[in-house]
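Assemble the complex: chain W is given as a structure, and chain H must be docked to it using the hints.
There are 2 protein chains.
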Amino acid sequence: MADLSVLEGLIQALRRLPGVGVKSASRMAYHLLQHDREGAELLSQALHQAAAAVRHCERCYTFTTQAVCETCLDESRDTTRLCVVETPADQSAVERTAAYKGLYFVLMGRISPLDGIGPKDIGLQKLMERASDGVVTEVILATNFTAEGEATAHVLGEALKRRGVQVTRLARGVPVGSELEYVDLGTIAHALVDRRNA
Amino acid sequence: MADLSVLEGLIQALRRLPGVGVKSASRMAYHLLQHDREGAELLSQALHQAAAAVRHCERCYTFTTQAVCETCLDESRDTTRLCVVETPADQSAVERTAAYKGLYFVLMGRISPLDGIGPKDIGLQKLMERASDGVVTEVILATNFTAEGEATAHVLGEALKRRGVQVTRLARGVPVGSELEYVDLGTIAHALVDRRNA
Numbered sequence: 249m250a251d252l253s254v255l256e257g258l259i260q261a262l263r264r265l266p267g268v269g270v271k272s273a274s275r276m277a278y279h280l281l282q283h284d285r286e287g288a289e290l291l292s293q294a295l296h297q298a299a300a301a302v303r304h305c306e307r308c309y310t311f312t313t314q315a316v317c318e319t320c321l322d323e324s325r326d327t328t329r330l331c332v333v334e335t336p337a338d339q340s341a342v343e344r345t346a347a348y349k350g351l352y353f354v355l356m357g358r359i360s361p362l363d364g365i366g367p368k369d370i371g372l373q374k375l376m377e378r379a380s381d382g383v384v385t386e387v388i389l390a391t392n393f394t395a396e397g398e399a400t401a402h403v404l405g406e407a408l409k410r411r412g413v414q415v416t417r418l419a420r421g422v423p424v425g426s427e428l429e430y431v432d433l434g435t436i437a438h439a440l441v442d443r444r445n446a
Numbered sequence: 249m250a251d252l253s254v255l256e257g258l259i260q261a262l263r264r265l266p267g268v269g270v271k272s273a274s275r276m277a278y279h280l281l282q283h284d285r286e287g288a289e290l291l292s293q294a295l296h297q298a299a300a301a302v303r304h305c306e307r308c309y310t311f312t313t314q315a316v317c318e319t320c321l322d323e324s325r326d327t328t329r330l331c332v333v334e335t336p337a338d339q340s341a342v343e344r345t346a347a348y349k350g351l352y353f354v355l356m357g358r359i360s361p362l363d364g365i366g367p368k369d370i371g372l373q374k375l376m377e378r379a380s381d382g383v384v385t386e387v388i389l390a391t392n393f394t395a396e397g398e399a400t401a402h403v404l405g406e407a408l409k410r411r412g413v414q415v416t417r418l419a420r421g422v423p424v425g426s427e428l429e430y431v432d433l434g435t436i437a438h439a440l441v442d443r444r445n446a
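Those sequence lines, one after another, are chains W and H. Counting in my numbering, the first sequence runs without a single skipped number right up to 446 at its last residue. Counting in my numbering, the second sequence runs without a single skipped number right up to 446 at its last residue.
The shape of chain W in the complex, shown without the other chains:
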């Protein structure tokens, strides 16, 4: 069907999305063309606008449409603390706790040797510069508690300590609201080691 190279092109383009194979891409293309042309146009415009307008904050490297993001510009923030997270979604999770008033550094990734992502690919150099600006006194490592997140925290922690910056890591322990019976053993073991005075 040579007259359908436009549809073929759309399916190929949809496959650039992470986690979308040829079957999902076809399903998405058929759905948009059959039931939601408005959605197709909307998505087309949103992609174009975002690709043109979104860039990285010069200070914390998160996504922003300005040179420096609103969080970094917020003068009510505690500039002596820097919380390092993997993604803007993680930053948003920390932010929603309302328990942190310092600034952020967003790695936009994690060290992942299997995917060929090393320290250079997650802006280690940029973080080092940011953390040694003379104002930051504590860097809180809030990478995920996965194998890759822990490895990232380790590498960053070692590099930061060598520069004399105080480094802390989010506490590991039993999640709020959980019953011990259903908590995995590794978590309980960590909670025992890190136990605190009641």
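Hints may be right or wrong, so weigh each one.
Identical chains blur together in the list; that is why a pair holds if it fits in one copy or across any two.
Unchecked claim - Distance condition first, Cα-Cα at most 30 Å in a straight line; then the derived DSS-like pairs of lysine-lysine:
1. 409 x 368
2. 374 x 271
3. 271 x 368
4. 349 x 271
5. 349 x 409
6. 349 x 374
It is worth saying that the hints were derived from the structure and are not from the lab.
Showing chain H alone in chain W's frame:
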């Protein structure tokens, strides 16, 4: 983060894709903006072009960029046979067998009472007109062998028979290359009922 309404808009637009929730949409948006801006622009253009150019074939209702699709225009085709499929992907599967030289009618869906999709929503009327053009002598129902596909075949078959059109259905049976031990019982039961002379 008010300066990120562009990113928010992209995430919302990605959620219009079938099977994409807010987590997947965020992941897609971050991936495109962080690692594949070219892919974002490509997808934006592909969506716009497809939404503008792709329409339905006047004869078989499949997707095409012309008034009548290439398959319907192909003069070497047997115009007396009409194969009814649910989607262009199904049509493509039948086409790849090279065992069918007739024409197609693409329903662009199936009857699905749970989703509120009735006979009118899948172009029953259009199919009736197409099948009663005086040239078509046999309609081959090739909807899927799922509950919904079978129901669709039943409804279409009854309506077509009332108009005096010969209606056939794809044979049910044991798939080529499969071992009986691993074939589901319903399929074996159907294969027994529909057994043929060796």
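Query raised in the report: Of the hints stated earlier, which fail here?
Result: none
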